[in-house]
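S.K.: Below are the chains, spelled out letter by letter.
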Amino acid sequence: MTQEERLHQLEARLEDTLAALHKKIEHVMAYTEAFNATTRYSYRHAGNKHLWSMASYAMNTPTVRAEIGPMGLCDGIDAVHKLYAVGHQGDNEESARDESFTDGMGLFMAEHPLCTPIIEVAEDCETAKGVFISNGAEGSGTDERGHRGFWIWMTPACEFCKEDGVWKVWHNHGMSTFISAWDHEWSDGAPKMMAPPEPEDGEDALPPDKSMPEADYAGPTTFFQEYRAWQQMKPWPQPPEPYETYEGTQPVVGAPFEGYEIDG
Amino acid sequence: MKLSYYDAQLDRLESMIDSLESEITHGVSKAQAKIDVNNLMGKYTFYARYMMYNRVLSYFSNREDVSLEISDLGVYIGKAKIADFYKKYCAAFDGKGYGVLHEHAVSTPVIEIAEDGLTAKGVWLSPGHEAFPVDRADADIEETEAERGHKVRSSWVYGKFAVEFILEDGEWKIWHMQYFRTFQIGFYDSWTDVEKKDAWFTVVRSREAADAFTGGPSAEPTYTREYDPQGTLPYWPKPPKAYDTYEGSDPVVGAPKE
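Residue numbers (this note's numbering), protein chains in the order written: chain U, 1 to 264; chain Y, 265 to 522.
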């Protein structure tokens, strides 16, 4: 082999190696960046920076959507914007709008840690899917008894895409497993926060799919369930499996799939 | 024959490419393996919560020495015994799932992948909760409509997972799993109240109930120490250290050494 031939051979091998490495590193980094998109959201939510929460979303992608608990499906850029600008902002617009303000909005606390991550990045590295368990707590003045503390455990389910190379939340479906007043076990009756007025002595509240009036920017709820002591829970959300490219199948958001059931 | 300057440079380039392929690719593969192992623990958690025990079992190794130890219920060794644990004992308590919710989240992972890429060790803190009918220990599994929702109680359950993993046909599998319960207590009681904790376990998941369904574990529990305000809680499990290859030493499962 001549020196020139050997040089060409090594150049080709180097290109192949770098390409393979680039793909592997991109895949690993995508996991971290997608995770960060959701955890940044959690911190901004906890800080009542609800307009900044939108920065985690793919707000330049027309198919962006969000569905939080029983608040209805916000489908598209305008609806997701209103979910936070109207549905979450509260009465201190300046604080919500300006991330440099470190003061909160008062009367409201919502910490939703994210643990138990299962994040699968597509082989083509263009999309990702993830589910989490969130063991959270809130303080809200939402019923006639005034400001109260709540336990709130959730299972957020997200699909991610990239906008200008940055990983963003494309579809978000945040389902609460239970919302329970700090001094009420979740097996005792109905939700204690989202169903005003609070029922007496464990009396049932409104049906779960009617427990929050839908805003004019939100469409019908696609799927909603919370723990009830007298019901079976559907296994939802479905943890993502490795996949090649996003085809809309096996989404982790939306309604549960057929064939998912207790098999013990 | 004396190499020319250009031959030496080409040798150097080839050596750099070799290094790139072996060291950096190895490092990136280990990073991906950590993600895969953490995802596996997440799937175990979700599907156990969903009471989908065939899926749960699919995450365990097919090796004869695969093992599962959940707090004080003993060590279940081999896939068949682990299947008994989930599909006879756990499923019996779950019944048809009315009022049943057990969620053991995993957080704070410390994961080490062996340098040889064949095994891994990890520990997780697990904040969790359970709700299920408290009279289910009597083993009358078929709930009646009237019973639903009337005898269900909620509890906090915090603990730690220590797990060893093995690569099997290119997929990470659970090889040895141990769950150390720090405390479980009814919602209205304090985990510092030892009497309340003892009372809680007379009506829920007890060793006797597990044995009745499974025929008993393969071995007695290796370690069962829970939080007790009158005692000390040992430093266990220890986070795994970086290691080259699995030799059985410095395990993350088992009991602390004297």
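Among the hints, a few may not be true.
DSS-like mimics (lysine-lysine), calculated; alpha carbons at most 27 Å apart, straight line [stated by the list, open to error]:
id: 1; chain 1: U; residue 1: LYS23; chain 2: Y; residue 2: LYS298
id: 2; chain 1: Y; residue 1: LYS298; chain 2: Y; residue 2: LYS505
id: 3; chain 1: Y; residue 1: LYS437; chain 2: U; residue 2: LYS162
id: 4; chain 1: U; residue 1: LYS162; chain 2: Y; residue 2: LYS307
id: 5; chain 1: Y; residue 1: LYS424; chain 2: U; residue 2: LYS24
id: 6; chain 1: U; residue 1: LYS24; chain 2: Y; residue 2: LYS307
id: 7; chain 1: U; residue 1: LYS162; chain 2: Y; residue 2: LYS360
id: 8; chain 1: Y; residue 1: LYS294; chain 2: U; residue 2: LYS24
id: 9; chain 1: U; residue 1: LYS24; chain 2: Y; residue 2: LYS505
id: 10; chain 1: Y; residue 1: LYS505; chain 2: U; residue 2: LYS234
id: 11; chain 1: U; residue 1: LYS23; chain 2: Y; residue 2: LYS360
id: 12; chain 1: U; residue 1: LYS234; chain 2: Y; residue 2: LYS307
id: 13; chain 1: U; residue 1: LYS24; chain 2: Y; residue 2: LYS360
id: 14; chain 1: U; residue 1: LYS234; chain 2: Y; residue 2: LYS294
id: 15; chain 1: Y; residue 1: LYS351; chain 2: U; residue 2: LYS23
By construction, these hints were calculated from the structure, which means they are not laboratory data.
S.K.: Run the distance test for U:LYS234 versus Y:LYS307: straight-line Cα separation, threshold 27 Å.
M.R.: OK: U:LYS234 and Y:LYS307 at ~16 Å, within 27 Å.
S.K.: Is the hinted pair Y:LYS424 and U:LYS24 satisfied, with a Cα-Cα distance of at most 27 Å?
M.R.: violated (31 Å)
S.K.: Would you check the hint for U:LYS162 and Y:LYS360, treating anything up to 27 Å between C-alpha atoms as holding?
M.R.: violated (41 Å)
S.K.: Going straight from one Cα to the other, do U:LYS234 and Y:LYS294 come out at no more than 27 Å?
M.R.: violated (35 Å)
S.K.: Does U:LYS24 pair with Y:LYS505 here, judged by a C-alpha cut-off of 27 Å?
M.R.: Answer holds: U:LYS24 to Y:LYS505 is near 25 Å, not above 27 Å.
S.K.: Sort out whether Y:LYS307 lies within 27 Å of U:LYS162, counting only the CA atoms.
M.R.: holds (25 Å)
S.K.: Measure nothing beyond the straight line between the CA atoms of Y:LYS505 and U:LYS234; if it is 27 Å or shorter, mark the hint as holding.
M.R.: Cα-Cα ~39 Å, so violated.
S.K.: Hinted pair, alpha-carbon criterion (27 Å max): Y:LYS294, U:LYS24. Please report holds or violated.
M.R.: Satisfied, since the Cα-Cα distance of roughly 11 Å is no more than 27 Å.
S.K.: Check whether the Cα positions of Y:LYS298 and Y:LYS505 lie no farther apart than 27 Å.
M.R.: This hinted pair holds, its Cα atoms lying about 14 Å apart.
S.K.: For the pair supplied as a hint, U:LYS23 and Y:LYS298, is the alpha-carbon distance within the 27 Å limit?
M.R.: holds (17 Å)
S.K.: Would you mind confirming whether the straight-line C-alpha gap from U:LYS23 to Y:LYS360 stays at or under 27 Å?
M.R.: violated (45 Å)
S.K.: When you check the alpha-carbon spacing of Y:LYS437 and U:LYS162, does it fall within 27 Å?
M.R.: Violated - the C-alpha atoms of U:LYS162 and Y:LYS437 are around 31 Å apart, more than 27 Å.
Of the hints listed earlier, those the structure fails to meet are numbers 3, 5, 7, 10, 11, 13, 14, 15, in rising order.
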